[in-house]
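Hey, can you work out the whole structure from these sequences and the hints?
Just so you know, we're using full-length UniProt numbering here: the sequence shown kicks off at 1 and counts up by one.
No false leads were slipped in.
Cross-link-like lysine to any residue pairs, in silico, SDA-like; alpha carbons within 20 Å at most:
#, residue 1, residue 2
1, Lys90, Gln35
2, Lys67, Glu13
3, Lys90, Gln16
4, Lys90, Leu110
5, Lys9, Ser69
6, Lys67, Glu111
7, Lys90, Glu108
8, Lys90, Val64
9, Lys8, His109
10, Lys90, Ile128
11, Lys67, Glu132
12, Lys67, Glu108
13, Lys38, Leu85
14, Lys90, Val20
15, Lys9, Val97
No wet-lab data here; the hints were simulated from the structure.
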Amino acid sequence: MSEMPAGKKMRIEVTQLPPVEYSLNWRGHWRERYQAAKLYRDAVYYSCVDARNRALASGKLAFVRAKLSLTFVFPEHRRRDRDNLLSRFKPGLDGIVASGLLVDDDAEHLEISSVDIVVDPKRAPLTIIEIEKLEEVVQ
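This is the structure we're talking about:
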């Protein structure tokens, strides 16, 4: 299996937003949190598997070290907390790793570059994930 060249990006769109149950401020039953996380993780997983399979057809894959950019598209304008959105995206990170696009989501393999918020009632709800391959670090 070949690797995607450094600097190349893969764009993945998921027609859901991260679960509010994964917010640090959410207080509820663990079962609700688990079910919401599973739904979102599976949605991200299947979107990533589709992107991975299309990349395999062109002979490109594998992100050992990557930079992740996230864009969350909401239907209405409200105050949003980027840190909270990033914590809500944890099931999404697990879905990306489970799909095989990333080796791991630890600091050695993944760098979070940006978390953007867009208001667009026509496209919302939407999560746009951009993964960019970084150069390998020789130790």
